[in-house]
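These protein sequences, in sequence, are chains A and B.
Going by the working numbering, the letters in the first sequence line up with residues 456 to 607, in that order.
Going by the working numbering, the letters in the second sequence line up with residues 456 to 607, in that order.
Quick caveat, the hints were computed from the structure, so don't treat them as lab data.
Check each hint, because a few of them may be wrong.
Copies of the same chain look alike in the list, so a pair counts if it works inside one copy or between any two.
[To be verified] Here are the simulated DSBU-like cross-link-like pairs (lysine-lysine), alpha carbons at most 30 angstroms apart as the crow flies: (1) Lys461 to Lys593; (2) Lys556 to Lys520; (3) Lys523 to Lys593; (4) Lys476 to Lys593; (5) Lys461 to Lys523; (6) Lys593 to Lys479; (7) Lys578 to Lys520; (8) Lys556 to Lys523; (9) Lys593 to Lys531; (10) Lys578 to Lys593; (11) Lys520 to Lys531; (12) Lys461 to Lys520; (13) Lys461 to Lys556.
All values derive from a computational prediction rather than experimental measurement.
Number of protein chains: 2
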Amino acid sequence: MELSAKLRWSNEEKFNAEIGKGRKIELNSSDKMGSAFTPMELFLVSLAGCTAMDVQWIMSRERQKVEKFEISIKGKRRDEDPRYFETIDLAYTIGGPNITKNAVERAIRLSQERYCSVHAMLKENVRLNVTYTIANGKDAQQTYTYATPATE
Amino acid sequence: MELSAKLRWSNEEKFNAEIGKGRKIELNSSDKMGSAFTPMELFLVSLAGCTAMDVQWIMSRERQKVEKFEISIKGKRRDEDPRYFETIDLAYTIGGPNITKNAVERAIRLSQERYCSVHAMLKENVRLNVTYTIANGKDAQQTYTYATPATE
Numbered sequence: 456m457e458l459s460a461k462l463r464w465s466n467e468e469k470f471n472a473e474i475g476k477g478r479k480i481e482l483n484s485s486d487k488m489g490s491a492f493t494p495m496e497l498f499l500v501s502l503a504g505c506t507a508m509d510v511q512w513i514m515s516r517e518r519q520k521v522e523k524f525e526i527s528i529k530g531k532r533r534d535e536d537p538r539y540f541e542t543i544d545l546a547y548t549i550g551g552p553n554i555t556k557n558a559v560e561r562a563i564r565l566s567q568e569r570y571c572s573v574h575a576m577l578k579e580n581v582r583l584n585v586t587y588t589i590a591n592g593k594d595a596q597q598t599y600t601y602a603t604p605a606t607e
Numbered sequence: 456m457e458l459s460a461k462l463r464w465s466n467e468e469k470f471n472a473e474i475g476k477g478r479k480i481e482l483n484s485s486d487k488m489g490s491a492f493t494p495m496e497l498f499l500v501s502l503a504g505c506t507a508m509d510v511q512w513i514m515s516r517e518r519q520k521v522e523k524f525e526i527s528i529k530g531k532r533r534d535e536d537p538r539y540f541e542t543i544d545l546a547y548t549i550g551g552p553n554i555t556k557n558a559v560e561r562a563i564r565l566s567q568e569r570y571c572s573v574h575a576m577l578k579e580n581v582r583l584n585v586t587y588t589i590a591n592g593k594d595a596q597q598t599y600t601y602a603t604p605a606t607e
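Kindly generate the complete structure, drawing on both the sequences and the hints.
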């Protein structure tokens with residue numbers, strides 16, 4: 456399966472991206488950007504979106520009734536070139552009447568290890584800190600740290 | 456430097472992403488998506504945008520007058536999970552009255568090897584095929600293959 460996009464330079468460091476037929480995103484390099492995004496911002500959204508969809512899909516297959524699902528992602532860039540993210544914090548918050556810790560942990564594990572295509576392209580020099588918070592409405596809301604299995 | 460984003464589940468596999476104050480992108484998993492994007496589409500835009508800004512910046516520093524600059528990016532996904540891009544074709548087209556092959560080749564090399572933060576996070580299992588086309592208005596437009604230097 457192929458995906459494609461086209462970027463056209465507008466001015467300074469502003470580019471217009473077009474994906475498929477007519478879906479558009481503006482890119483810029485500064486943070487004074489109106490409705491534009493930086494490439495590194497889109498990268499974070501891409502990674503978070505990829506695992507978000509996996510986890511949502513796995514939870515629905517396991518008949519875990521999800522009522523609320525949010526992911527916060529935060530990336531810390533290196534100070535030197537290339538200024539990639541040396542750490543990325545990924546925090547899942549899942550709410551629903553019968554959500555169990557085991558199901559969430561398993562869904563995150565399957566995403567990180569088997570399904571998430573963006574994650575599968577990431578070098579080990581990007582450290583992921585993963586946490587998840589469960590709000591089932593019965594027990595007090597709790598946050599857990601997801602322990603990445605030792606690298607094969 | 457830190458960047459962050461928040462994704463909120465809407466329904467099915469649709470998520471709303473918010474970056475900074477009020478900049479928003481819709482994510483969805485299907486290709487019948489209105490104005491939404493898939494995570495893998497955003498990944499391509501992120502990678503293309505990153506190197507686009509590098510090359511634009513380097514060319515301007517080298518007093519190469521760029522009048523037109525486009526990047527096409529195409530990713531071919533694996534058939535099996537994780538369905539990451541096993542090959543990505545990146546095609547630069549640069550036009551301007553005095554654009555030289557050497558300057559373009561050097562700008563691409565600096566981006567790929569030193570500056571592009573998204574590229575620096577990519578595993579070697581993602582194969583990049585890079586080409587560039589120069590239109591200087593004098594010579595016939597030509598397309599060259601950028602040869603990635605041997606991995607250190």
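Outcome of the hint check:
| no. | hint | result |
| --- | --- | --- |
| 1 | Lys461 to Lys593 | between (49 angstroms within a copy, 25 angstroms between copies) |
| 2 | Lys556 to Lys520 | within (13 angstroms within a copy, 58 angstroms between copies) |
| 3 | Lys523 to Lys593 | within (15 angstroms within a copy, 60 angstroms between copies) |
| 4 | Lys476 to Lys593 | neither (46 angstroms within a copy, 33 angstroms between copies) |
| 5 | Lys461 to Lys523 | between (35 angstroms within a copy, 13 angstroms between copies) |
| 6 | Lys593 to Lys479 | neither (43 angstroms within a copy, 33 angstroms between copies) |
| 7 | Lys578 to Lys520 | neither (34 angstroms within a copy, 36 angstroms between copies) |
| 8 | Lys556 to Lys523 | within (15 angstroms within a copy, 53 angstroms between copies) |
| 9 | Lys593 to Lys531 | neither (35 angstroms within a copy, 45 angstroms between copies) |
| 10 | Lys578 to Lys593 | neither (39 angstroms within a copy, 43 angstroms between copies) |
| 11 | Lys520 to Lys531 | neither (33 angstroms within a copy, 34 angstroms between copies) |
| 12 | Lys461 to Lys520 | between (39 angstroms within a copy, 21 angstroms between copies) |
| 13 | Lys461 to Lys556 | between (42 angstroms within a copy, 22 angstroms between copies) |
Of the numbered hints given earlier, the model fails hints 4, 6, 7, 9, 10 and 11; all others are met.
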